[in-house]
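Asks: The primary structure of each chain is shown beneath.
Number of protein chains: 2
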Amino acid sequence: MFQKKKQVKIRLHYNEMSLKEGCSLTLKGDQAHYVRDVMRAKPSDAVMLFDGTYGDWTCIIEEISRSGVLLRVEALSGEYMKTPDLTLCISLIKPDTMRSVVRQATEMGVTVIQPVLTEYSSVRNINIQKCWKWAVEAAEQCCRQDVPVIKETMGFYDLRDLESQLILCDETGKGEAPARVLCGVENLGIVIGPEGGFSEKELLYSEAFAGKMSLGSRVLRVDTAVVAALSYVNEHCLS
Amino acid sequence: MFQKKKQVKIRLHYNEMSLKEGCSLTLKGDQAHYVRDVMRAKPSDAVMLFDGTYGDWTCIIEEISRSGVLLRVEALSGEYMKTPDLTLCISLIKPDTMRSVVRQATEMGVTVIQPVLTEYSSVRNINIQKCWKWAVEAAEQCCRQDVPVIKETMGFYDLRDLESQLILCDETGKGEAPARVLCGVENLGIVIGPEGGFSEKELLYSEAFAGKMSLGSRVLRVDTAVVAALSYVNEHCLS
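So the sequence lines, in the order shown, correspond to chains A and B. Residue 82 in the UniProt record's numbering sits at position 82 of the first sequence; the count goes up by one each step and never skips. Residue 221 in the UniProt record's numbering sits at position 221 of the second sequence; the count goes up by one each step and never skips.
Quick caveat, the hints were computed from the structure, so don't treat them as lab data.
Each pair may be met inside one copy or between any two copies, as identical chains are not told apart.
Computed list of lysine-lysine pairs in DSS-like fashion (alpha-carbon distance at most 25 Å, straight line): (1) Lys174 with Lys82; (2) Lys9 with Lys94; (3) Lys201 with Lys9; (4) Lys174 with Lys9; (5) Lys133 with Lys94; (6) Lys9 with Lys28; (7) Lys151 with Lys212; (8) Lys9 with Lys20; (9) Lys174 with Lys212.
In this text the structure is predicted, and so the values were computed from the model without any measurement.
For reference, chain A alone in the conformation it holds in the complex (with noise of 0.2 Å):
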């Protein structure tokens, strides 16, 4: 236990500059408060930094200050792993839930959000700014080397245009089992609905352009719902 608290694992994203062997940069605000506040480190300690393109740069800490962190970078640890391309379709939802829906997303491996107005979503509006550092703490601390793109909120009837494979979550007990709708799907998205689930009209009109995939019998809440769609993807086209 005493060297596990004694090593500093900090991992952050950093794409203010792009970065290469031997160059100095400087964390400010929110990222110094966190290295020398939160974690307490210390100069010559290491900080990881995944900028998105090339992996997870080792750097050191050169000299804390009030003012910020001054980094060294030293080298390039491991190659670059780019997530699979997997879209999240998710109707809006109240933040609580959309945070831990971001959190999880990331977790699990989705490379696109895509926020949806439908029929029953109980909030209209989205804050993708509080998203897209819901998404990079996530990533963080999960040990991604990208963040998922949040983008911005589009109608249910609109989907049809998107490129991705889409595959709805419909507990109306009419999907079909994960193994059999998702075999074989590529550039896959998946459409979760808000809690008390797709309108009729919805349902109907998505025939035209979706799949449809049953969770099981209980009625799940949109974050578990997401987790569940997402293990089964995971299982079943990205493995």
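Start from chain A and add chain B according to the hints.
Replies: Using the frame of chain A, we list chain B on its own:
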């Protein structure tokens, strides 16, 4: 939408007396408050009660007062679907996360929740009464007909005495793929560690009594790991 709002959809767990057609009972306390003040039900509205033994009973509200809600049991609607045995052994974690885990595990079909004290558990106590309440709420909402049992906490090394076949979710990269490790397992117990995972000693010791499953290359938070693991179980053992 109008019809959707008019229709009262109330489903409650009730085990204070055994139910049968034609009998009357009075909901008190929180349940009465929920029916009367939250759902604003009226006399002659329907309420579903499930007792964990026979299934869902349709009841009709006869009278609503400050002291309680009087119901008459009409009929048993649909056969009892027992949830297949499935144990979740979960490290003690902070109450907020435990609340999510209990809810999501209930949605995903766990029948026994076994709290476990591990070396890196961030808390050392659990309020079992609260966990039971969260499980009841989740069962009511997800349309399960039974409520998971919440056990007293046990130490990690006592897990070997459980009768379940244990599969431990291992984030060190040494676990096997879900399809491989779960195939054909019955009376399953999934073991999930705290943030920070299991200690080396725990991992070594567990080899004597548990298989190891990988949940992928990313580091999952506890709630995500629980739903992902249970999704794989649903896919490979229970479907």
